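S.K.: Start counting the sequence shown at 1; every next residue gets the next number (UniProt numbering).
Wrong hints could be hidden among the right ones.
[Stated by the list, open to error] Label-pair ranges, simulated between beta-carbon atoms:
1. Gln75 with Leu24: 16 to 24 Å
2. Arg82 with Ile58: 29 to 37 Å
3. Glu50 with Asn14: 16 to 24 Å
4. Thr5 with Gln80: 29 to 37 Å
5. Thr5 with Ile58: 19 to 27 Å
6. Pro83 with Pro17: 12 to 20 Å
7. Pro17 with Thr70: 18 to 26 Å
8. Ala40 with Asn14: 22 to 30 Å
9. Phe29 with Gly86: 21 to 29 Å
10. Glu22 with Ala73: 33 to 41 Å
11. Ala73 with Ile8: 44 to 52 Å
Calculated directly from the structure, the hints in this document are not laboratory data. Computed from a predicted structure; not experimentally measured. The beta carbon of each residue, even a glycine, is placed where N, CA and C say it ideally should be.
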Amino acid sequence: MSVFTQQILEDIENLPPEMQAEALDFVHFLRSKWIRTEAASKLRASNSGEAVAVMVEIAARATAFQGIDTPEAWQREVRQDRPLPGRD
1 MSVFTQQILE DIENLPPEMQ AEALDFVHFL RSKWIRTEAA SKLRASNSGE AVAVMVEIAA
61 RATAFQGIDT PEAWQREVRQ DRPLPGRD
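Using the sequences and the hints, build the whole thing.
M.R.: In structure tokens, the structure reads:
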């Protein structure tokens, strides 16, 4: 395990659960950003047949919504009103 990985794990373990979930969301965002960048570079370097194969491969490993069991419950939770800081 790299030093970076160890440091990230230690920092995340010291966060409250709701912030750990937020950190996980951010990791998923970074991963999808990296996948898009990887796809763009492969598409520029390949012909159209290979480009389609790359797109299918990337779509097959996409896991952005893997942690959502019921989309309806997730949507309700995301849309739930939350108190704003500094307001009663």
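S.K.: For the hint 44 to 52 Å, verify it against the beta carbon of Ala73 and that of Ile8.
M.R.: Once the Cβ atoms are compared, 29 Å apart, the range 44 to 52 Å for Ile8 and Ala73 is violated.
S.K.: Mind checking the hinted window 16 to 24 Å against the Cβ distance between Gln75 and Leu24?
M.R.: Once the Cβ atoms are compared, 18 Å apart, the range 16 to 24 Å for Leu24 and Gln75 holds.
S.K.: A range of 29 to 37 Å was offered for this pair. Does it hold for the Cβ distance of Arg82 and Ile58?
M.R.: This hint holds: roughly 34 Å between Cβ atoms.
S.K.: Go ahead and decide if the range 12 to 20 Å is satisfied by the Cβ distance of Pro83 to Pro17.
M.R.: holds, 19 Å
S.K.: May I ask you to test the hint 21 to 29 Å on the CB atoms belonging to Phe29 and Gly86?
M.R.: holds, 27 Å
S.K.: Could you say whether the range 18 to 26 Å given as a hint is met by the Cβ separation of Pro17 and Thr70?
M.R.: For Pro17 and Thr70 the Cβ distance comes to about 20 Å; the hint holds.
S.K.: Do Thr5 and Gln80 keep their Cβ atoms within the hinted range of 29 to 37 Å?
M.R.: Distance hint for Thr5, Gln80 holds at roughly 33 Å.
S.K.: Verify the CB-CB distance for Thr5 and Ile58 against the hinted window 19 to 27 Å.
M.R.: Roughly 24 Å apart at Cβ, these two residues keep to the hinted range, so it holds.
S.K.: Check the following: the C-beta atoms of Glu50 and Asn14 are separated by a distance inside 16 to 24 Å.
M.R.: Violated, at about 45 Å.
S.K.: Just tell me: holds or violated, for the beta carbon distance of Glu22 and Ala73 against 33 to 41 Å?
M.R.: About 18 Å separates the Cβ atoms of Glu22 and Ala73, which means 33 to 41 Å is violated.
S.K.: Tell me if the beta carbons of Ala40 and Asn14 are separated by a distance inside 22 to 30 Å.
M.R.: violated, 36 Å
Taken one by one, the earlier hints fail for this structure at numbers 3, 8, 10, 11, listed in ascending order.
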